[in-house]
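Following the hints, put chain B in place on chain A, whose structure we already have.
As they're listed, the protein sequences go chains A and B.
First residue of the first sequence: 1, per UniProt numbering; consecutive thereafter.
First residue of the second sequence: 1, per UniProt numbering; consecutive thereafter.
Be careful, since some hints might not be right.
In the DMTMM-like style, the derived pairs of lysine to aspartate or glutamate whose C-alpha atoms are separated by at most 20 Å in a straight line are [claimed, not checked]:
1. K222(A) / D169(B)
2. K155(B) / D265(A)
3. K101(B) / D122(B)
4. K411(A) / D169(B)
Computed far set for chain A versus chain B, every beta-carbon distance over 10 Å [as the list claims (entries may be wrong)]:
5. T174
6. S195
7. C310
8. S325
Just so you know, these hints were derived from the structure itself, not from any lab.
Note that CB positions come from ideal geometry on N, CA and C, so glycine has one too.
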Amino acid sequence: MKAELQAGNTSSVSLQNPNLFATTSQSSAISGALKGCLSSIDGACIEKLLLHCASALERNDVTLAQQVMWVLNNVASSTGDPNQRLASYFLKALISKASRVYPTSINFDDSTGRDDSFQRRSMSVTELARYVDLIPWYRFGFCASNGAILKAVQGCSRVHVLDFSITHCMQWPTLIDALSKLTEGVPTLRISVLSWRPRVPPTLNAPVQEIGQRLTNFAKIKDVPFEFNVIELTGLPDESSSDHLHYDLLITQMVNDLSTLKLRDDDEVLVVNCQNWLRFLPDDQKLGNSAEIPSCRDCFLDMIQSLDPCIVTVVDEDCDIGASSGLASRITTCFNYLWIPFDALETFLPKHSPQRIDYEADFGQKIEHVIGFDGVKRTEIFESSSRLSQRMIKNGFSSVAFSEETVKDIKLLLDEHASGWGMKKDGDMLLLTWKGHNSVYASTWVPQRLAELELWENSLLH
Amino acid sequence: MAEIENSASQASGESSFLLPDNHGKSVEPTLPLKKKRNLPGMPDPDAEVIALSPKTLLATNRFVCEICNKGFQRDQNLQLHRRGHNLPWKLRQRTNKEVRKRVYLCPEPTCIHHDPSRALGDLTGIKKHFCRKHGEKKFKCERCSKKYAVQSDWKAHMKTCGTREYRCDCGTLFSRRDSFITHRAFCDALAQESALTQPLAITNSGGDMKLQVVAPPVTTVVSSPPPPPLTPSTGVLSPVLSIQSSELPENQTAQLQPPPGAAAPFPGAPAAVVTVTASNSSTSSGNVPGNGGVFASIFNVPTSAELSHSAQPPVASYSTMLCTMAGRDQPVIDPMSLSLSSTLYMSSGSSSLYPAALEHPHRHYTSAPQPALSATALLQKAAQMGASSSNSSFLRGLGLAMTPPPDPQDSRHSIIAPSHWNNNTPHVKLETNSVASGLGLGLPSSGSSASFNELMINSSSLFGNKPATLDFLGLGMGAGETSTGGFSAFLSSITDGLDIATSNSFAGVGSTVDAWDYPSDRKPSML
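Next comes chain A alone, as it looks inside the complex (with noise of 0.2 Å):
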């Protein structure tokens, strides 16, 4: 008996059951997509494949899944071209997925999850800021945010940043060097961080008070009188147990801590940073008995409104993967969105580069999130630049603009990286593009009524 997933090939393949491939609706969708594939497999096949795959797994058809996660296997590689390396990541997630859809034959123990895909590895500090310029899609943040916060903070004589971040204070030394080089005076910087992260990738093997404590003796060099802090958050859920259904407590109690600390000393002026932050707060708008009760994310943007930034930055992955998106939707947005960071490390690594493997399986780890987890469990849900333009005026911000020199840095920066970087501005937004696909947006605001206030001096003196 013939497989019907042969494709212009006359040799026969003998299959003990022979009922394997009969002609059920789900097989032949499988036989229709490799038939689609012929002789290369690529990208638009693989999505195919994982769709089945997803679709195979919510109809509970496992045999239909195996049968796509076989065909899958064969043709991922985390060391072949993107395609195949996407394809290995979006299989592991799938099958960890896999694993979680059929608890009656694993135990599975939950809480241990994420600890375990966290201690995968962790780097030096020096790595880490190798890490983050291996290509733009951390450095594009940064240099955006501290262009802003530059102009921001001129002619202040203290600032204190208070920054929201995955990446381990690496923005913050080339603020404190343009710092040391205003001419009409040098600020005191205070930065202060929080005690807990998300258990995301990049990892670093050093506390947060080594960052601390090397970034003070960088700005005793440079002559920045500096201040770094810790804020301690209290009362948080036990870290180790990790249970997704009290991360929502989580972020809420955080929030509610940060609201009762006096974040502001009388002459300073407050910066907030919100460097690839958001999309880890909780957005499940609960709907409560008259009203719609705001989500986490919500309560978070109220709260640091309140604080009455002088300015916020707010620059995050630009993808839309809500937290009611289906399985199904996930991989697609997904899959078309993540090609960018494969693609672009392929023009300039090698296929075995440990750098490129290391930083291609952080990103594989955050498929995993997407793919691997519904409901409450999901802990990274992405907003796009114009849904989060939205939310930020309706949580009360005005956009600013990037000056000019903001904008040339940045095309600076993106000279010395490889020709497929790019940028566009969306409004007042910059935008990270490669190959013309956005990536990374980065924005800036103030609280309304503060915009509103310069307008109305403006005016006055005009």
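Relative to the frame of chain A, chain B by itself:
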């Protein structure tokens, strides 16, 4: 048997000659319809082996235009050029007969690529290799006096040399200012600098922050054996290196303070450093903890004692990268990858870990990768293989085999229970995830490593202690009656297959993977 190539049949127009001690042999090629990319230094066994003479390898521009005397390396290029002179030109069509994969040998008998099993797959590659390794360095950089044998290497260097290059005290070079600043803020050299009271001579040239540490070179603390002389390519680093090492014992206390988490006793560091130099001559890539020790001393990271756990796998990978760098005469790498690999040069030049990788600057391998075998071809192959081993548990897992359902004791290994399998004893830890977490891949673990080990040991005893190489369908089992359930083994084979390259990077991952042997033909890692 030697092979003589007719130059007319070669697209590149090169001809080959016999060498007195030629070991070339020709093999009948199979019919690859698509080009397969082979790993560096490990050529296709069916390929045709060609040994070119040194003269041929070094020759350039053998095709000369009669009008303007411009030389070209290929006849095709000359023909195209002749068009510009309005001369009659003729482009030879690529021959339609089947293309035999060719691999090339280095004529130098002492060279590793003289061995046919280490032949290089690319003509340009062998030429550059020969030039670089055995040729005369005719190109010299004016600014820094670095010498190069291959013109393209020299040109690549010229692009970055002296142009806005920033140097950190630790010796790392950066072409971009922001990466330099970021690195510098977190570099250990800075920590030492602020702890020292030595005067610093700061030279600000055009706003660049290049700090020259003015201190007399001091002998290093590495007792046995002392680091071998640095090659010219890393010559600029030597005073920094010696200062670095010499500062270590002075700054033991200073360095211990900043990281509260690091419990590394500093006296251990010189020992770790010694271990590296001693061990580098012997080689295997398994020597991760020792390699990590080098980084421990410099980057202030827990020493080798703590490295046996999975704490520092990326350190391992960077250290292997470093050692790969070690034997190169001219590191031809993009500036971004310079930072860690050029900081320390501790291993001796000739005894690097991956000799095969040395001769291949990564640029050879950034050309577009070939497409994978088609899914249909794979399915065919797989099914043919599967059909021959009738009790393959994988096929059973797919429901393909006609054998009776497995014993109850086997069903406990099945994770997904198709209807005809027993559903009892659902207690299976998903070993895949444990494997993955053991391999450091980030799949959530299903439980403690103890249970994983237990499961693996059980599986391996069922396999008759041959868990090592799970070929995809056979799953490493000869006699298949007592095989484990399909899906779990299937999943293990997936992660095993998927993780080969990653496992290469994470060589130092901890004890959970003790039950596994990695396939022994691990590929060398490259920049």
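**OP:** Just pull the numbers of the violated hints for me, sorted ascending.
**Re:** 2, 4, 5
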